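Peer 1: Using the sequences plus the hints, can you model the full thing?
Note that the protein sequences, when read in sequence, are chains F and D. Throughout, my numbering is defined as the position within the first sequence, counted from one, plus 126. Throughout, my numbering is defined as the position within the second sequence, counted from one, plus 299.
None of these hints come from the bench; they were simulated from the model. Owing to the predicted nature of the structure, the values given are computational and were not obtained by experimental measurement. Every residue gets a Cβ at the ideal spot worked out from N, C-alpha and C, and that includes glycine. Honestly, I wouldn't trust all of these hints.
Claimed, not checked - Straight-line alpha carbon distances no greater than 27 Å define the calculated DSSO-like cross-link-like pairs of lysine-lysine that follow:
1) F/159 with D/408
2) F/159 with D/592
3) D/408 with F/313
4) F/365 with D/408
Unchecked claim - What follows is a list of derived Cβ distance ranges for each label pair:
5) F/255 with D/384: 41 to 47 Å
6) F/192 with D/429: 40 to 46 Å
7) D/395 with F/311: 48 to 54 Å
8) F/262 with D/442: 51 to 57 Å
9) F/277 with D/488: 46 to 52 Å
10) F/280 with D/331: 24 to 30 Å
11) D/376 with F/243: 32 to 38 Å
As the list claims (entries may be wrong) - Here chain D is said to cover these stretches of chain F; the calculated rule only asks that three of the stretch's residues, wherever they fall, bring their Cβ under 8 Å from a Cβ of chain D:
12) 232-245
13) 345-355
14) 394-405
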Amino acid sequence: MEDLLQPMLNGLLLGGLYAVIAIGMTTMFGIVKLVNLAHGDLMILGSYLSLVLVSWLGFNPFWTLLAVVPVMFFVGFFVQGFLLNRVLGKEMEPPLLVAFGLSIILQNLLLLIFTPDARSLMTDLSIKTIPLGGSVNLPVLYFVDFLIGCAVILVLHLFFKNTYIGRAIRAASDDEIGARLMGINTKNIYAYAMGIAMMTAAVAGVLVGMTFTFYPHTGPQYLIIAFGVMIIGGLGSMKGCLVGGIILAEAQLIGAQFAGPGYQLLIGYLVLLIVLGVRPQGIFGKV
Amino acid sequence: MNKTLKYRWHILGLIFVTLSTVPIWGSDYVLFFCLLFFLYASMAQMWNLLVGYSGLLSLGQQAFVGFGGYTMAVLTNYYGVYVWLSVLIGGLFSVLLALFMSLFIFRMKGIFFGIGTWVFAEILLLWFSNWKYVKYGTGLFVKPATPPSMSTIYYAALIMGVGTLITVFVILRSKIGLGLMAMRDDEEVSEAMGVEIFRSKLFCFLVAALITGTTAGVLYVFQIFIQPYKAFAIDWTIVLVFIVVIGGIGTIEGPIVGAFIYVLLSQWLAEYGHVSLLILGIIAITIMLVAPKGIMGTLQEKTGFTILPSRRT
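Peer 2: Encoded structure:
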């Protein structure tokens with residue numbers, strides 16, 4: 127039991143990071159009913175943008191958020207406004223394929239510019255731990271990830287509840303035609319929503335970059351994690367997102383404790399498949 | 300219009316005779332080009348059957364590519380099975396894999412089905428790269444007791460290419476195909492009219508697994524070397540998406556045209572490495588935005604031109 131406390135604590139904290147990786151994709155799914163297959167790659171784009179600022183200007187990765195988050199808003203706004211909106215329609219394949227094409231382009235563009243080397247955003251937090259008694263330590267960086275993850279979800283929740291654009295986005299997602307009759311330009315609203323989703327992806331990208339190493343090709347791996355969180359937590363649900371992230375991360379880390387670290391990813395995938403097979407609407411989703 | 304239909308079989312026959320005599324008159328480059336063209340056309344035809352006709356958005360065709368290829372390599376290397384027999388067994392093993400997968404993923408729809416198939420392929424990648432029996436991630440050299448000659452491999456590829464085309468044509472002109480097209484237009488109504496949606500979809504999924512696995516076997520006999528990070532890579536699905544989108548999704552001719560363009564482009568761009576994938580991605584997005592029905596789909600819409608009509612008139 128003593129051995130399990132550390133992976134359980136790490137899993138809980140990592141769950142917060144997983145939630146912030148997934149929240150942008152879940153939000154967009156809730157609004158446009160489409161999965162953005164390039165979500166992971168756009169997030170990694172955020173990591174690389176931060177890397178550029180860190181290595182050129184010597185900023186602390188946390189400060190780069192001030193630049194990366196707004197830039198990613200515009201990236202999202204243009205991706206939705208100029209690419210995805212043009213293929214939105216009755217059929218679901220075209221937007222998926224466009225997003226898939228975007229994912230290929232981003233991966234190979236990053237590969238071309240940054241080479242396939244492993245990168246990470248250096249901070250002095252990564253080695254710090256706080257002893258909690260016994261053999262259990264609180265990894266400070268994971269704790270920061272968790273806190274920022276929760277904060278992002280809270281801010282997003284308040285934004286959708288209290289601001290004009292937030293309410294317009296919800297209106298457009300509930301009833302597109304109704305929203306249009308009320309004078310909302312829904313296509314424009316989707317672009318704003320994507321911009322906001324990409325702001326959360328930018329935060330996720332910077333946190334992932336500080337916590338793990340990343341490559342141009344790591345995007346799809348995080349897409350699958352985001353997808354797992356979304357499935358387990360229930361589609362389009364924000365609270366479910368946090369719970370889904372924690373369940374997935376706990377399953378991975380506790381599983382890795384028993385089966386060995388090489389199986390961490392595999393166990394995450396198996397949990398995802400089981401949930402998909404048993405309850406495709408997710409644990410917290412409504413039928 | 301009627302004139303082209305009248306001479307259709309003559310033209311197709313001429314093309315077939317030309318292609319089947321390539322080892323006699325063609326240079327090594329032509330042989331190599333046609334071989335890859337058949338194999339990619341065959342796999343793309345299957346992805347098109349799933350996505351364009353059955354509404355099964357598979358993002359995990361690489362599961363069957365890797366599984367079929369590895370079955371072939373293991374049987375040939377470890378058990379001394381005759382190489383073409385092991386290619387066929389590879390296809391059958393892919394069907395078994397597809398049956399097993401269907402237990403989990405046939406409850407999902409649309410993108411969930413897609414991610415489900417993708418996750419399966421990722422699991423296979425992790426499994427094979429951690430599996431001592433297949434030498435982990437280092438991969439296997441395919442070493443048949445008597446290595447087949449280039450022209451034998453060419454004919455195997457030709458059989459896969461033409462065989463797949465005939466299979467798809469027969470399926471689409473059959474009762475199942477009619478049902479699939481009705482389902483594509485309106486799922487609820489077609490089900491009410493008696494289309495057995497689940498069985499038709501499963502049938503297509505299994506056929507696609509069989510042919511993709513077998514085609515992959517032929518490909519790896521040709522390439523001699525198989526490795527999990529390549530065989531189970533999402534790159535396979537990327538290529539199939541590109542071919543089918545460019546050629547025209549939901550048409551029989553589309554994958555053929557797309558495969559030809561893909562093989563040609565990938566030969567030209569080969570020296571640029573990863574830039575080639577970048578350019579393929581840009582072309583695919585541009586086509587999706589400008590002509591979402593692809594080359595053959597747009598051509599059919601504008602002129603009504605089809606070589607192999609999948610709809611009965």
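Peer 1: Each of the hints needs a verdict: does it hold here or not?
Peer 2: Right, here's what the structure says about each hint:
no. : hint                         : verdict
1   : F/159 with D/408             : holds (13 Å)
2   : F/159 with D/592             : holds (22 Å)
3   : D/408 with F/313             : holds (25 Å)
4   : F/365 with D/408             : holds (24 Å)
5   : F/255 with D/384: 41 to 47 Å : violated (58 Å)
6   : F/192 with D/429: 40 to 46 Å : holds (42 Å)
7   : D/395 with F/311: 48 to 54 Å : holds (52 Å)
8   : F/262 with D/442: 51 to 57 Å : holds (53 Å)
9   : F/277 with D/488: 46 to 52 Å : holds (48 Å)
10  : F/280 with D/331: 24 to 30 Å : violated (59 Å)
11  : D/376 with F/243: 32 to 38 Å : holds (35 Å)
12  : 232-245                      : holds (count 5)
13  : 345-355                      : holds (count 3)
14  : 394-405                      : holds (count 6)
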